[in-house]
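Student: Following the hints, put chain Y in place on chain W, whose structure we already have.
Residue numbers (this note's numbering), protein chains in the order written: chain W, 1 to 306; chain Y, 1 to 125.
Derived by calculation from the structure, the hints in this document are not laboratory data.
There's no promise every hint is true.
Unchecked claim - One side of the interface only, derived from the structure: several residues of chain W facing chain Y at Cβ under 7 angstroms:
no.	residue
1	Asp33
2	Tyr37
3	Glu66
4	Thr74
5	Val231
What the hints assert, rightly or not - So these bits of chain W aren't anywhere near chain Y, every CB distance computed over 10 angstroms:
no.	residue
6	Asp23
7	Val67
8	Ala101
9	Ile190
10	Ala215
11	Val272
12	Arg289
All residues carry an ideal CB built from backbone N, CA and C; glycine is no exception.
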Amino acid sequence: MNSLPRTIPEYLDHLRRALAGADPAMIQDALYDAEEYLRSELAENPGKSEAEVIAAVASSYGAPEEVADIYRDTEVTVQTALRAPGPAVRRSLAGRFFGVAADPRAYASLFYMVLALATGIFYFTWVVAGFSTAAGLSVTIVGIPLLILFFGSVRVLSLVEGRIVEVMLGERMPRRPLYSVRGRSIWQRIGDMFTDPRTWSTLLYMVLMLPLGIAYFTLTTALVVSAITFVLAPLGAWTGLAERWFGPGDVVLRGFNGAPLDGWALVPVLLVGVLLLFVTLHLARAIGRGHGLLAKHLLVKTAQYS
Amino acid sequence: MTRPPPPDIDAALRKFQRELSSGVVALALLAVLSRASAPMYGYQIAKTLERFGDGVLSGKQSALYPVLRNLEAAGFLSSHVGPSDAGPPRRYYEITAAGRDALREWAAAWRATRDSVDTVLEGTP
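Just chain Y, with the same shape it has in the complex:
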């Protein structure tokens, strides 16, 4: 009888982080843009998240761009291309009214999940 290979803890962690991040990153992007006073471009958003970021939010920033594009396709963000004095034209994103509604709902869902997960995790190492 062959024994199954020992589980790869690192790979499992990466997979867990990837799955955890897929929804949370979208929530964080909406939150950042809802607090912004002016439309922001991808790099700015990435750097803002980096300042707050820990856990899954500190992952590779290239992952943010596809999520931004998906949020725009879903109607939660709108965007326009603006010139910049330092190089290429940039795509500026801002949150839409639908985006604010979504953010409110998602934030409530997040808080409820966070509290119950914290309660479950209490006492575990």
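Bound-form chain W, shown alone:
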């Protein structure tokens, strides 16, 4: 554990261990930065061995433990500076229930759930069409380059989805791609693409996004529309606006077991509508949190070089 790293992979391994337990997205960024620096240093000093360069880097760039401390520090400073302050924690049960209306995260999650239908359709189509085209053509000469291009495009999409997830769901995601392992031949690197669990977990995520997107979209629109209807129907009936809006041929459902509801009997409907609005916000926030974890697990976690 305490032996000094002598090669770039060893240095990165130390850094990864020193950062163990930190946010995986931050670890990915830190590893990217370190690798860029080390590779550049190595390229600038062609006469020196890798071990010498790594030893010199400890004083300029920092030893892995120091680098880990610096990143932990910066992450804390940046988060406190850039993140909007969280909503005030409410003690009472009612406060916690209705307080969700003041939480921007709930609305962002709601929006993400609606958007998920569009992104889900796009990811699914891209992955299914791209993968089957490339895999089908891989018996011919154009198939392999097409497959490589396809995997590259999936990596870019995964970064884009990461940015969306971070902005809307508040889950820290990487801002830099992973370095591929250096010093391997082009054929080995193509092989790596197939054996990298990250490739497959990203594909799985993109395919999953279609059913998830449909479910999220349906849930959001159904709940929001029902809640708004429940709130507006009594208001419409009381003010008499409903009679003016609807023609005699329209079917208006405003009753219970065949008995039409009117006057004070509509108060519970209004209350249920208001409650449903808050329940929807709670549900959106919970689903947003859960989806953020899923995205992190499938798009980032599996990539930590195990």
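Tutor: Relative to chain W, chain Y alone:
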């Protein structure tokens, strides 16, 4: 009555340097990039600062990368990934118009601070 432990001068110095560097490094990065004729990548920027660097600027160069990323997020820098002949693709940074505006303001704030701190420090050992 227990006596408080003697103050750790070294740790206090490190803490002071860390706090001092957080803003100054961002200013120095903007300055380096505003003088550059072409976009620069992280390692190049680090080595340029190392040439000028003394005091807090000579700290660990790994601290520069998160600051670069923050400056980019704030819109003061823009970046693109370019290939390199010696290894991995690199992220090249250049200063934006907003970055130049910020640099002008920050440099004025820095000069004013430096002069007044120097005046206050005059005559101290």
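Student: Does each hint hold? Answer for all of them.
Tutor: Here's how the hints hold up against the structure:
1. Nearest Cβ of chain Y to the Cβ of aspartate 33(W): about 4 angstroms, under the 7 angstroms cut. The hint holds.
2. Here the hint on tyrosine 37(W) is kept, as its CB sits about 5 angstroms from the closest CB of chain Y, short of 7 angstroms.
3. At about 6 angstroms, the closest approach between the beta carbon of glutamate 66(W) and any beta carbon in chain Y falls short of 7 angstroms, and the interface hint on this residue holds.
4. At a threshold of 7 angstroms, the smallest CB-CB gap from threonine 74(W) to chain Y is about 4 angstroms, leaving the interface hint in force.
5. This hint is violated: valine 231(W) has a C-beta 40 angstroms from the nearest C-beta of chain Y, more than the 7 angstroms allowed.
6. Every CB of chain Y is more than 10 angstroms from the CB of aspartate 23(W) (nearest about 13 angstroms), matching its label as outside the interface.
7. With 10 angstroms as the threshold on Cβ separation, the claim that valine 67(W) sits away from chain Y is violated: the shortest Cβ distance comes to roughly 4 angstroms.
8. Every CB of chain Y lies more than 10 angstroms from the CB of alanine 101(W), the least distance being 29 angstroms, so the non-interface label holds.
9. For isoleucine 190(W), the requirement that its beta carbon stay farther than 10 angstroms from each beta carbon of chain Y is met, with the minimum near 18 angstroms.
10. Annotated as non-interface, alanine 215(W) keeps its C-beta farther than 10 angstroms from every C-beta of chain Y; the closest such distance is 33 angstroms.
11. Distance check on valine 272(W): its Cβ is at least 44 angstroms (rounded) from any Cβ of chain Y, clearing the 10 angstroms threshold; non-interface status holds.
12. No Cβ of chain Y comes within 10 angstroms of the Cβ of arginine 289(W); the nearest lies about 23 angstroms off, and the non-interface call holds.
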